Amino acid sequence: MSETASSDDKTRRDFLLLSTIAVGAVGSGLAVWPFVDSMNPAADTLALSTTEVDLEPIEEGQSITVVWQGKPVFVRHRTAEEIKAAEAVALEDLIDPQADKDRVKKSEWLIMVGICTHLGCIPLGQKASDPKGEFGGWFCPCHGSHYDTSGRIRKGPAPKNLPVPAYQYLTDTTVKIG
Amino acid sequence: MSNKFYENPVIKWIEYRLPIFSFIDESVGSGYPTPKNLNYWWNFGSLAGIVLTIMIVTGIVLAMSYTPHVDYAFESVERIMRDVNYGWLMRYIHMNGGSMFFLLVYIHMFRGLYYGSYKEPRELLWIIGVFIILAMMATAFMGYVLPWGQQSFWAATVITNLFSAVPLIGDSIVTWLWGGFSVDNPTLNRFFSFHYLLPFVIFALVFVHLWALHVHKSNNPIGVDIKGPQDTIPFHPYYTMKDLYGLGVFMIFFMFFVFFAPNFFAEPDNYIKANPLVTPTHIVPEWYFLPAYAVLRAVPDIWFISAKLGGVIAMFGFTLVLLLLPWLDRSPVRSARFRPIYRQFFWVFFIDCIILGWVGANTPDAVFHGIPFLWIGRAATVYYFAHFLILIPLISILEKPKMPPQSISAAVTGTASKGAE
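Sequence order for the protein chains is A and B. So the first sequence is numbered by the numbering used here: it starts at 1 and just counts up by one. So the second sequence is numbered by the numbering used here: it starts at 1001 and just counts up by one.
Bound conformation, chain A alone (with noise of 0.2 Å):
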């Protein structure tokens, strides 16, 4: 066997070594990803998508929790001031900058998520009796985040703002959350 036929051997060796070694580690990669999807929420659990909320019985000042996805969603109708005092806020003031009137469809009818934005718990403030925080919104126990009457973080470990799901007004009184 001449040089050059030995060194083609070679190259054609190297070629088929490589060519099998990024063709076993597609198909590996391409064999685990079922067993990490499968982790994924399921097709039932995807399917409990929406909730139905009738906002007649719930009066100025009031709040109540709905179940959504298996998340608290609070639902507050708004008092006046707790609206004046939210649209008076400065841009610049606030941690994670958005207009109230960019979190809310109409301004009585404040819709968010209940879960705290800094490790899932949920703040207090739904009922007249729980603390409010230093903004008169909600106030997280855990570790401290105090929400304004928009939901803003205001102040606390929190990153970002209650987040308000997507909604639509099914009727003036009922609301179809997701």
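Derived from the structure by calculation, the hints contain no laboratory data. Bear in mind that the values here come from a model prediction, so they are computed numbers and not experimental data. By construction, the Cβ of each residue, glycine as well, lies at the ideal position given by its N, Cα and C atoms. Some hints could be false.
[Said to hold, decoys possible] Which residues of chain A face chain B? A partial, calculated answer using Cβ under 10 Å:
#, residue
1, P41
2, I58
3, G61
4, W68
5, P72
6, L119
7, G144
For chain A, the structure is supplied; the task is to place chain B on it using the hints.
For chain B alone, kept in the frame of chain A given last:
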């Protein structure tokens, strides 16, 4: 040692085909030469191994009566407590056994830190140990969720939410961990699955830990290598006996909690069934996670890293920094007995860990004699990392260690290399 003569023909027959008897003999028997100067701090590794076995046995029994479903988990645990024969005993042993396991392993780790057991040639032994404690933490956390009480549920929520701090894909990771949009039945099911699996992973890691241990043998209180047979005694019967004695003492301590204060380490809130709509006013982890919890909460916004992400990085760094220790400590002397400066800083570090635990047990806005716990936690966190990343390298270069004895037997007899007499 492997050519030991076994008289029993059955043992002989098996040994010829599978040398398991000589393997056991060389692992924990008379065939394992052990430094003759080990003190009682060397009891804690074997004690931890025994508790791991106790945890696996009680766990298997508990799993026979436990139902991993959000509607039945809490009730099935109550049924174990009230109706299952000796269910209360199995559960209380398992519950307190978790605390005991961490207590023993923490002492075992501080032992390693004091006597320099992580140093060359035992770096991998130490690193495997760090993986064991990481696996233990994951196991303990998931086990804590299974009774589906209020603390269970909210511990699961808070800890899984930590992963949302990962930039860009954080929320997808959390949804993936949950198998839904909140901690719910899929989460409970998978935690049960992992909680059953991980102890066997720990068992395998312990096996590798021991394998690495037996290559260079145990370290010892003076940290001097074994120079010859005069420095050792066989593990059996000497240390099997010493370990058994230690086991007796430890079991008195362990069983005191099981029988007389079974809920000493528990939170009363965990006897309230999980309610996803109400967070308990004070969420506090199990005592063995308190220092890490204090570190998590201590980190403020730094530069472009949010407090949440910073806290999570610091909390993982809290354990992972141990992986670097064999290379951070450059001192040629192992044992702190001959390192006057390191010895003092070891105890300062020990106290720092206790302070972190104490801070972790308090709410962040609480105040101690005018000093907010948040500031104490921050100072203690900075000191914790400074100990490893600044103090240990500096001390190991600047300190002038005392001269250790020439050999283990010289330390015992007071003369050099005459121990074989």
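Q. Hint by hint, which ones does this structure get wrong, listed from lowest number up?
A. Structure breaks hints 2 and 3.
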